[in-house]
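Student: Listed here are the chains, written in short residue letters.
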Amino acid sequence: MISSINPSVKAGAILIPGVLLGLMFDIFTPLIYLIFIIIVTFAFSHISIKKWLLIFSPFVLLALGFAWMRMLYTSEAFDSGPVLIQFWHIEITKGAMEVAASLALRSLCFVALSLLFVLTTDSTKFMLSLMQQCKLSPKLTYGVLAGYRFLPTFKHELDVLRQAHRIRGVGRAKGIRGRIQQFRRYSIPLLANAIRKAERVAIAMESKGFTGERERTHYHEMKVTKRDWYFFGTLVGTFFLVVFLSYSLGFLNIFGKDIN
Amino acid sequence: MTNQWKLKEIVLMSVLGVVFAVIYLMFFFFGQGLRNFLMPFGLGEFGYEIIFGIWFIVSIIAAYIIRKPGVAFTSELIAGVVQVLLGSPAGPMLILTAAIQGAGAEFAFAITKWRDYRLRVLIAAGVFAAVFSFAWHLYSSGNIALATWLIIATFAVRIVSGALLAGVLGKWISDQLAKTGVLRGYALGKEQQEQREHDQAV
Chain A
3 MISSINPSVK AGAILIPGVL LGLMFDIFTP LIYLIFIIIV TFAFSHISIK KWLLIFSPFV
63 LLALGFAWMR MLYTSEAFDS GPVLIQFWHI EITKGAMEVA ASLALRSLCF VALSLLFVLT
123 TDSTKFMLSL MQQCKLSPKL TYGVLAGYRF LPTFKHELDV LRQAHRIRGV GRAKGIRGRI
183 QQFRRYSIPL LANAIRKAER VAIAMESKGF TGERERTHYH EMKVTKRDWY FFGTLVGTFF
243 LVVFLSYSLG FLNIFGKDIN
Chain B
1091 MTNQWKLKEI VLMSVLGVVF AVIYLMFFFF GQGLRNFLMP FGLGEFGYEI IFGIWFIVSI
1151 IAAYIIRKPG VAFTSELIAG VVQVLLGSPA GPMLILTAAI QGAGAEFAFA ITKWRDYRLR
1211 VLIAAGVFAA VFSFAWHLYS SGNIALATWL IIATFAVRIV SGALLAGVLG KWISDQLAKT
1271 GVLRGYALGK EQQEQREHDQ AV
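Going line by line, the protein sequences match chains A and B.
Our numbering numbers the first residue of the first sequence as 3 and each following residue consecutively.
Our numbering numbers the first residue of the second sequence as 1091 and each following residue consecutively.
Here chain B stands alone, though its shape is the one from the complex (with noise of 0.2 Å):
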């Protein structure tokens, strides 16, 4: 897998991994206060599951910019290594947290043979990293314990959340950088510039 990886995409993915590490730390002290704020409700529960789709914005990002496979797993992967560099009180689990929702995010552009690159690809690679991080989330933390109603309310919550925050902020996100120009040496860059010369050739 890491031959067909140029080594300026392993440093690319990792430098990704580097920065959403730091931002994934902060969203969990906000998703912290989030619950704190809803507990009083009675839906504390609901507090990280809003803004779930965070953590696998990585996955997304790095897959749309690099198109090529294992990309999406491998980024989410390094994400979670270096959150735990950074002294994560989550520790070591959290790197199989970050294997399992990353395998979720490629799982879905498996499916495409990882030709395709559209929203509703990145959109359903969101949902799927959604539903492998539930199923694992309801062994490893317990959740299966929860009411019924309770556990599809969340599930559907992280569903949603991983659509929006993963699917469409990565795709955004990924689309103004390469109109700064930084992603020419990248497939995302060399796509959006065939795009403008066939514009202006037509």
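Okay, chain A solo, but in the shape it has when bound (with noise of 0.2 Å):
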């Protein structure tokens, strides 16, 4: 199961084809990556077709802007071929509907994998592997979960402000010079109150015997097992496979140059 990989290992399988993709222009790739994707997140992990499509489909949605926008002001390198679709005066040609339709596959591959990761990986578990496989320093690590624990405060700490606010008679406010204070009002002291949080957490580390050093013990040990290997050369080898694929059939588009 997908939630079991090693965090690390499965953030690298991700940006691998996540960077790479940005270099196809043609439908074929991304569209065949994506399909390959969509069937990887249902055949290896528990989460449930409801809540991805949930997610997933406002990004359909958002693509489709993408698109048509990109298709509207197609620069003059993919602009070419017979006019597919003409009103007023916008001209709409093969090559821009193509290179549109490209990069919204590609953004909505983007999101697959995205939700790929973000729906089966635990935020502990992930600072833990960042800090054990990646070398990030034990000081960072912890001071990220300290700091990723008091988010649940920070709302606390909006309502006593608003309801401190409200008891000594000020309103809400009104018109830009208003909007403006009341920006102020209640950013600074929220940022007051965090940043003697993040000193009073930092004396507390510190007292208890944290030193930040690397060469520490580990509570959770977070190891790198074959399967995670697995995991990784299927997502990147299948994007090299679908880039062959569609070089050998003929689509393959890179940066806007035909590859043949």
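No wet-lab data here; the hints were simulated from the structure.
Any given hint could turn out to be false.
Claimed, not checked - Each computed DSBU-like pair below joins lysine-lysine, with the alpha-carbon atoms no more than 30 Å apart: (1) A:K127 to A:K199; (2) A:K137 to B:K1269; (3) B:K1096 to A:K199; (4) B:K1096 to A:K210; (5) B:K1203 to B:K1269; (6) B:K1096 to A:K157; (7) B:K1158 to A:K199; (8) A:K157 to B:K1269; (9) A:K210 to B:K1280; (10) B:K1203 to A:K157; (11) A:K199 to B:K1280; (12) B:K1096 to A:K127; (13) A:K137 to A:K199; (14) B:K1158 to A:K137; (15) A:K199 to A:K96; (16) B:K1269 to A:K199; (17) B:K1203 to B:K1096; (18) A:K210 to B:K1203; (19) B:K1269 to A:K176; (20) B:K1203 to B:K1158; (21) A:K52 to A:K127.
What the hints assert, rightly or not - Partner residues are not named here, just some residues of chain A that face chain B (Cβ under 7 Å, in silico): (22) G24; (23) F46; (24) Y75; (25) S77; (26) L105; (27) S125; (28) K141; (29) L142; (30) V146; (31) R198; (32) A200; (33) E201; (34) V203; (35) A204; (36) Y221.
Glycine included, C-beta positions come from ideal geometry on N, C-alpha and C.
Put the two chains together into one complex; each comes in its own frame, and the hints tell you how they fit.
Tutor: As structure tokens, then:
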């Protein structure tokens, strides 16, 4: 199951195809890879289809808007081929249509890859794995984990602040100047409190004997096993396979240059 | 690098990273709204560009307060990681984007050898973050396929946004914070303290 894959290896397996997808400007490559990611998502994880669709579908709409913009304002390098649609003074060529569809599919690939990571990864384990596998300094790791732990308290503090303002008769802001004043009234005390907390936490950590040395023992040992590498190999390997497939079928287009 | 930092500076960076990760996520949805609003005018592409500077602000605030090498880069990176922890749909790619933006801001401070923290350097940090992130988006979002005039126009808007929303607003927030006295243990607070003592002596 994907949720038990080592988080650092998982992040790597998602980053590499994600970055390389930036090279592809044809429709075929991102489309096939998107289908592959969706199959992997549902075959090897416990994510419910309903939940996934709920998060994914807004991005389909976004991608359509994105494609529309790309289609209207395509650069000359891509704006070629016969005119397919014509109304008013807008002409949409085959080339523009293709590049827009490719970029939209690419952005959906990013979303699907990200969801594969975000929905199957525990945040604490991700941080611990960054420390143990990627050699992130323990000072940073535990600092981030401590800061992350404060998130729920920020909401509580905001409520307290709001009530404190109301009890002193400070009402809702009107107009732009009022809005700016209000922004200051909330953001500065919230940040100041956060900074005070940071200082206290740092002192507490040091007083409990936290030195931040790299040679330390871990309660949760994060290991990289063969299975993790199989996962990595599958995600990255399939990407190259898809690229090769689209090359042999004559679809491959890298940075606007057809490669056959 | 981390050996030069005190633990309390690192925790401060992390807490700032957490706070601004939430703000960044909120601005993601705000930008979406702005984009949908501008779309009918054919200006949807500018929706995010106008507010893009906000995504560099933590670099400027942290570097201005702590004033040590690597702070601008690391604080932005932390904000990126925390957004992933929060479950941002942008996922691990966001960490990479954050690293590139942070490197841009760090670049401006590196030019001055991490000694100068006047407004003009903070604005330069916002501008460089904008330049770096724009170059990255040309590649990753395929913006390179856009018409040349649109690329130039969005680039200009992003730079102005970086200078104002990250540079100027970042300095303003930090100065307001220093006034509350919570930064006494950090470089910015100490500088302001000295300034006050100096003024009193004169």
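Student: Hints first: check each against the structure and report whether it holds.
Tutor: Tested hints:
no.: 1; hint: A:K127 to A:K199; verdict: 24 Å, holds
no.: 2; hint: A:K137 to B:K1269; verdict: 37 Å, violated
no.: 3; hint: B:K1096 to A:K199; verdict: 15 Å, holds
no.: 4; hint: B:K1096 to A:K210; verdict: 16 Å, holds
no.: 5; hint: B:K1203 to B:K1269; verdict: 27 Å, holds
no.: 6; hint: B:K1096 to A:K157; verdict: 28 Å, holds
no.: 7; hint: B:K1158 to A:K199; verdict: 21 Å, holds
no.: 8; hint: A:K157 to B:K1269; verdict: 24 Å, holds
no.: 9; hint: A:K210 to B:K1280; verdict: 27 Å, holds
no.: 10; hint: B:K1203 to A:K157; verdict: 38 Å, violated
no.: 11; hint: A:K199 to B:K1280; verdict: 19 Å, holds
no.: 12; hint: B:K1096 to A:K127; verdict: 25 Å, holds
no.: 13; hint: A:K137 to A:K199; verdict: 26 Å, holds
no.: 14; hint: B:K1158 to A:K137; verdict: 21 Å, holds
no.: 15; hint: A:K199 to A:K96; verdict: 58 Å, violated
no.: 16; hint: B:K1269 to A:K199; verdict: 17 Å, holds
no.: 17; hint: B:K1203 to B:K1096; verdict: 20 Å, holds
no.: 18; hint: A:K210 to B:K1203; verdict: 35 Å, violated
no.: 19; hint: B:K1269 to A:K176; verdict: 26 Å, holds
no.: 20; hint: B:K1203 to B:K1158; verdict: 10 Å, holds
no.: 21; hint: A:K52 to A:K127; verdict: 26 Å, holds
no.: 22; hint: G24; verdict: 5 Å, holds
no.: 23; hint: F46; verdict: 17 Å, violated
no.: 24; hint: Y75; verdict: 5 Å, holds
no.: 25; hint: S77; verdict: 5 Å, holds
no.: 26; hint: L105; verdict: 4 Å, holds
no.: 27; hint: S125; verdict: 4 Å, holds
no.: 28; hint: K141; verdict: 5 Å, holds
no.: 29; hint: L142; verdict: 6 Å, holds
no.: 30; hint: V146; verdict: 5 Å, holds
no.: 31; hint: R198; verdict: 6 Å, holds
no.: 32; hint: A200; verdict: 4 Å, holds
no.: 33; hint: E201; verdict: 5 Å, holds
no.: 34; hint: V203; verdict: 5 Å, holds
no.: 35; hint: A204; verdict: 4 Å, holds
no.: 36; hint: Y221; verdict: 19 Å, violated
In this structure, the earlier hints numbered 2, 10, 15, 18, 23, 36 are contradicted, and the remaining ones agree with it.
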